[in-house]
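Protein chains: 2
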Amino acid sequence: MKINVEQCVALLKQNDNILILTHAHPDGDTLGCGFALCRALMKIGKICAVENCDEIPKKYDYLYDDIVKIKFKPDYVVAVDVATTNLLGDLDGQYHIDLCIDHHSTNTEYADNTLLEDRPAACEIMFDVVNALGTEIDNKIADCLYTGLTTDTGCFRYASTTANTYAVAAKLIECGADNGRINRIMFETKSKTYARLERLALDSMRFYENERVAIITITQEMYKLTGSNEQETEAIAPLTRQIEGVEIGITIREKADGTCKASVRTFESVNAAELAKLFGGGGHAQAAACRFDCDVKEARERLVEKCGELLK
Amino acid sequence: MKINVEQCVALLKQNDNILILTHAHPDGDTLGCGFALCRALMKIGKICAVENCDEIPKKYDYLYDDIVKIKFKPDYVVAVDVATTNLLGDLDGQYHIDLCIDHHSTNTEYADNTLLEDRPAACEIMFDVVNALGTEIDNKIADCLYTGLTTDTGCFRYASTTANTYAVAAKLIECGADNGRINRIMFETKSKTYARLERLALDSMRFYENERVAIITITQEMYKLTGSNEQETEAIAPLTRQIEGVEIGITIREKADGTCKASVRTFESVNAAELAKLFGGGGHAQAAACRFDCDVKEARERLVEKCGELLK
Numbered sequence: 001m002k003i004n005v006e007q008c009v010a011l012l013k014q015n016d017n018i019l020i021l022t023h024a025h026p027d028g029d030t031l032g033c034g035f036a037l038c039r040a041l042m043k044i045g046k047i048c049a050v051e052n053c054d055e056i057p058k059k060y061d062y063l064y065d066d067i068v069k070i071k072f073k074p075d076y077v078v079a080v081d082v083a084t085t086n087l088l089g090d091l092d093g094q095y096h097i098d099l100c101i102d103h104h105s106t107n108t109e110y111a112d113n114t115l116l117e118d119r120p121a122a123c124e125i126m127f128d129v130v131n132a133l134g135t136e137i138d139n140k141i142a143d144c145l146y147t148g149l150t151t152d153t154g155c156f157r158y159a160s161t162t163a164n165t166y167a168v169a170a171k172l173i174e175c176g177a178d179n180g181r182i183n184r185i186m187f188e189t190k191s192k193t194y195a196r197l198e199r200l201a202l203d204s205m206r207f208y209e210n211e212r213v214a215i216i217t218i219t220q221e222m223y224k225l226t227g228s229n230e231q232e233t234e235a236i237a238p239l240t241r242q243i244e245g246v247e248i249g250i251t252i253r254e255k256a257d258g259t260c261k262a263s264v265r266t267f268e269s270v271n272a273a274e275l276a277k278l279f280g281g282g283g284h285a286q287a288a289a290c291r292f293d294c295d296v297k298e299a300r301e302r303l304v305e306k307c308g309e310l311l312k
Numbered sequence: 313m314k315i316n317v318e319q320c321v322a323l324l325k326q327n328d329n330i331l332i333l334t335h336a337h338p339d340g341d342t343l344g345c346g347f348a349l350c351r352a353l354m355k356i357g358k359i360c361a362v363e364n365c366d367e368i369p370k371k372y373d374y375l376y377d378d379i380v381k382i383k384f385k386p387d388y389v390v391a392v393d394v395a396t397t398n399l400l401g402d403l404d405g406q407y408h409i410d411l412c413i414d415h416h417s418t419n420t421e422y423a424d425n426t427l428l429e430d431r432p433a434a435c436e437i438m439f440d441v442v443n444a445l446g447t448e449i450d451n452k453i454a455d456c457l458y459t460g461l462t463t464d465t466g467c468f469r470y471a472s473t474t475a476n477t478y479a480v481a482a483k484l485i486e487c488g489a490d491n492g493r494i495n496r497i498m499f500e501t502k503s504k505t506y507a508r509l510e511r512l513a514l515d516s517m518r519f520y521e522n523e524r525v526a527i528i529t530i531t532q533e534m535y536k537l538t539g540s541n542e543q544e545t546e547a548i549a550p551l552t553r554q555i556e557g558v559e560i561g562i563t564i565r566e567k568a569d570g571t572c573k574a575s576v577r578t579f580e581s582v583n584a585a586e587l588a589k590l591f592g593g594g595g596h597a598q599a600a601a602c603r604f605d606c607d608v609k610e611a612r613e614r615l616v617e618k619c620g621e622l623l624k
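Chains L and P are the protein sequences, given in the same order.
Sequential numbering of the first sequence, starting at 1, is according to the numbering used here.
Sequential numbering of the second sequence, starting at 313, is according to the numbering used here.
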C-alpha cells in the first residue's frame, strides 16, 4: 500500500526493534537515508541498525563511525532507496519487508507499505520523515542527509534538482552539515587506483551514430592493470555524457563471471530507462542500468543497435 | 565609502543613465551580476548597459541575448565583481567609477561608494540588491543570478558555500532559473578537442616526493594533436589536486614562444602563493601561478626541488 509521510512515521513509532536495509553496492543516498533514519529512531528510544550485503566504501565512514552496532531480533524491517528486492543482493529473501521509503518511479511496491515520492534523492524524503518524527536534526543526521542529496544530484548539478532540494540543503547546513568536507570527499578526491582506471576508461571511449552515442568499456583486465575494482567505477558513468554532442553515454562493465552490466546516461532528448528496459533493466529518465548475459563486445553491439533506433 | 544594500539602492534610484562594468576575461559571476542589475534597472525605467573589455564567451549568450543595447552618455558608472581597477583591462581609466558591488576581500575601494560583503559569489549580494530595488525577479534575472552563484561556487561544491547560498538558489529556481540547463552548459559540456587534451594531460601526469606532488605537462604539440588551445586548459589545473594523497598539484603549460607557465593548486597543508612567489608569481593560498623563461622540463625540475623543500 502507498502511504504518506505521516502514516510512515506512525508505523515507525509503533515498533521498537527496527532493522534498516540499504541496497547492494551502497551509495551516498541509500547509506545517508539508512543512517539518518537509524540515528533519528535511536534518538526516540528505538533499537535500530542498518544492514548491507556489501562492504561499505571507506569514504562513507563518517556517516556511522560513532554508531554502536547491536545485535537484535528485528520486529520491523525497512528498506531505504531500494527499488526492487533483488537490489538487496544477498539480503534478498532473508527478511519480510514491512516498509519501503524510496524515490524510484520503478519501485515494485514489494513492501507492505511504501512511501514513494518523486524526488531527486531519497534523502530529501527522509528529511521530511525525520522532521515528522519530531527528532532534532543534529550535525550527524544533517551530514547523512546532505550526503544523499549531494551524491544523487551530482552536487546539485542535475536537472532533476529542485528548489526544494536546495532549500533542504540550506536547512541541513544550518543544522551543522559539513558541506565543504563532504563534497571534497565525494567529488574532489580520486584514489590513485581510480585515477588510473579513469584514464584507461577514457582511452576506451568510442563514438557511434554520428558521435551522438559514447560508450566506455571497462574490463576485468583493467582492474588488474590499475589495482582498481568494480566499486570504484561509479564515477565513470557520467563521463560519457559530458562530451559535447553526446546524447546517450553508456558505460559497460565486465563482471568477474564474464557477463556485464551497462550504465546509461542521457539528456532530455532520450529516455535512459526506456533503453535499459529493452534489455530487462530500469531506472530513471536520465540514468538507468541493465545487465547482459553475454560478453562486453556483444553487449556493446546490441546497445548501439537500439541507440540507433531510439535516436531516429 | 563603504555602504549597505539600502544605501546602494538609493544611489541607483537617484540616477537615470547607468553604465555597468564587468571584469576582463569575464566569468559567470561578473556577467551574471552585470546583466541581472541591468535587467532590474531597465524594469524600473532606467537606461542601462553592460560593458566589458573582452569578448564574452559564447556559452554566456543566454544571459543577455534578448537585451537591446543602446548608446548613451552615462551619468553613473557601476563596477560589479571587480576587486581592483586594473581588472577592468582596457576600460581601466576610461570612466570615473561611482559605485562598486563586490565580494573580494582584496577590493581596493577605488569607487566613490563600495557595497562589499563576504559572500561566495557577488551574485549573492546582487540578489539582495535586486530585491531591495523592488523589482520582480523574472526568469531571466533568475538565470543571471543563478549563473553567478553556481560558477563561483563550483556548482555549490566549495567549502565557502553557505546555507544562504543554497537558500538563494532555491528562491531563484522558484523564480524560474533554469538550473539544469545552466549547470549543463557550465559543468557538463566538454568540447571534443578539450576531451582529447584532457586525456593527454592525464597521461602526462607524473608523481614526485612520495606521490605528494603531481605534475601535468601540456605542450604545444598536444594542442596540435588534439585541436585544442590554451584557452581550454583552465579546467585542467584542478585535476592534479584531486588525486588522493597529493598535496601540491601543478600544471605546466608550454607557451608558443617556448617559455612556460605553471598553475599551482594545494590544500590547507601548503600555501600555493608561497611556492609561486619563489618564482616571481603569486595568487591565493590554494591557487596560484608563476611564469618561467625556460622550457617545460627545466621548469618542472625547479618546481619539484622547491616542492621538496616546502613539504619538509
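It is worth saying that the hints were derived from the structure and are not from the lab.
Some hints here could point you the wrong way.
Only pairs whose alpha carbons sit at most 25 Å apart, straight line, appear in this in silico BS3-like list of lysine-lysine [claimed, not checked]: (1) L:Lys190 - P:Lys452; (2) L:Lys192 - P:Lys624; (3) L:Lys190 - P:Lys502; (4) P:Lys452 - L:Lys312; (5) L:Lys2 - L:Lys58; (6) P:Lys609 - L:Lys192; (7) P:Lys452 - P:Lys381; (8) P:Lys504 - L:Lys306; (9) P:Lys483 - L:Lys171; (10) P:Lys589 - P:Lys536; (11) L:Lys192 - P:Lys502; (12) P:Lys618 - L:Lys192; (13) L:Lys277 - L:Lys58.
Quiz item: Broken hints, numbered, in rising order?
Solution: Of the numbered hints, 1, 4, 5, 10, 13 do not hold.
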